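Chain by chain, the residues:
Protein chains: 2
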Amino acid sequence: MRVEIWSDIACPWCYVGKARFEKALEAFPHRDDVEVVHRSFELDPNRAKGDIQPVLTMLTKKYGMSEAQAQAGEDNLGAQAAAEGLDYRTRDRDHGNTFDMHRLLHFAKEQGRQDELIGLLYRANFAEERSVFDDDERLVELAVAAGLDAEAARTVLADPAAYADEVRADEREAAELGASGVPFFVLDRAYGVSGAQPAEVFAQALKQAWGDRPPLTLIQDSGDAQACGPDGCAVPQG
Amino acid sequence: MRVEIWSDIACPWCYVGKARFEKALEAFPHRDDVEVVHRSFELDPNRAKGDIQPVLTMLTKKYGMSEAQAQAGEDNLGAQAAAEGLDYRTRDRDHGNTFDMHRLLHFAKEQGRQDELIGLLYRANFAEERSVFDDDERLVELAVAAGLDAEAARTVLADPAAYADEVRADEREAAELGASGVPFFVLDRAYGVSGAQPAEVFAQALKQAWGDRPPLTLIQDSGDAQACGPDGCAVPQG
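Note that the protein sequences, when read in sequence, are chains G and R.
Those letters in the first sequence? Residues 1 to 238, per our numbering, in order.
Those letters in the second sequence? Residues 1 to 238, per our numbering, in order.
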């Protein structure tokens, strides 16, 4: 079974939701047969790369919250994160464009290091003092910690076209699947879970998606199957 | 959309079927949104690693064919391969255990080089004089040609447990999906195509799987979705 998770590094509920999902996955009897793939979704795609703001400033300016409301929201998110065992800085975090991080995550996927990198990016953004938005070298450090080659990561970051199509394709698919927010979990392209639901909901979704898998619809022509099996290969006549 | 292809390097119809599928994929308008994953299936899992035989000897001993029948089958497969533009040695090929190649393909998958490696393995087995069954260094050469690190490939090959679970998991899934022979193509876990069908059948399967994708069934609890979207993140109350 495959679980695809659409998310953004700048999305606090994605950080929390990932931990809740993983709790459910850990307890799922068929966990070794579950493959997890991370997909790109930008919450703020139109923000320029250099346009970095404190989260509180962004919340008050973009969503018209009062500073007290915005801070209360952050405090509350911090408490929800803590309940999942996650560190969360409720003060002085930055907000910015995440496109380069998504491009880097696609490179990491190709190298089998996507899960490592996304975990480090979340932690860096939500729990560590140094901003992930300040310069590429911060992202290179995280890439190296995830097992990627520094020079290769630098090359990806330096070329705005590298893996850009892959990010856009993920975002197009999210829209096609009806996801308007993140995190958005898709199980075998049959079941969807929207938001950082409790671990019990993910457990139920895993169970249902695993148990309810319908038999495949076979598509074939009328001829003999040209295949090999335990009894040998079909030999074409004529 | 994701297409999973169960196959074995020792399976001539897998070699031919891959080319037919790729012809259909090349002409498919949404080809850039199709991800192809190769899955393991051993036609001859009980053959000992060192038990290497000429294909003709294997066909006569294992399936009780006459030598003339076996050779006619190979000639016919060679003609089918040629029709897809593939080289095929109809004389003096070897047959053996493919478990190590499947382990190496899983390593290559982790490194984003699976498609490159499986293409080279097929070509080496079906079209080149040197046997792929003779020694690990042959496989290391092919791994390097696929873009993998020689030392890392050598380490994988030297450890019989490396990626063995992944191979077994693929084979278990094939059985669960009802595949008794290969190649076996699965589109988004909804449609199956068994055997090296004509390219037109693959084209139809791609079209049908793409167009018929049912909407996701959403699973969630009764509470508010804790998610972030274009209008900000839901803020927990209380």
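If you're looking for bench data, these hints aren't it; they were derived computationally from the structure.
All values reported here derive from a predicted model rather than from experimental measurement.
A portion of the hints provided could be inaccurate.
Identical chains share a label here; the pair holds if one copy fits it or two copies do between them.
To be verified - With a Cα cut of at most 30 Å, we get these calculated BS3-like pairs of lysine-lysine:
1. LYS62 / LYS49
2. LYS207 / LYS109
3. LYS23 / LYS109
4. LYS207 / LYS49
5. LYS49 / LYS61
Check: Taking each numbered hint in turn, which are not upheld by the structure, reported in ascending numerical order?
Finding: Result: hint 4 breaks, nothing else.
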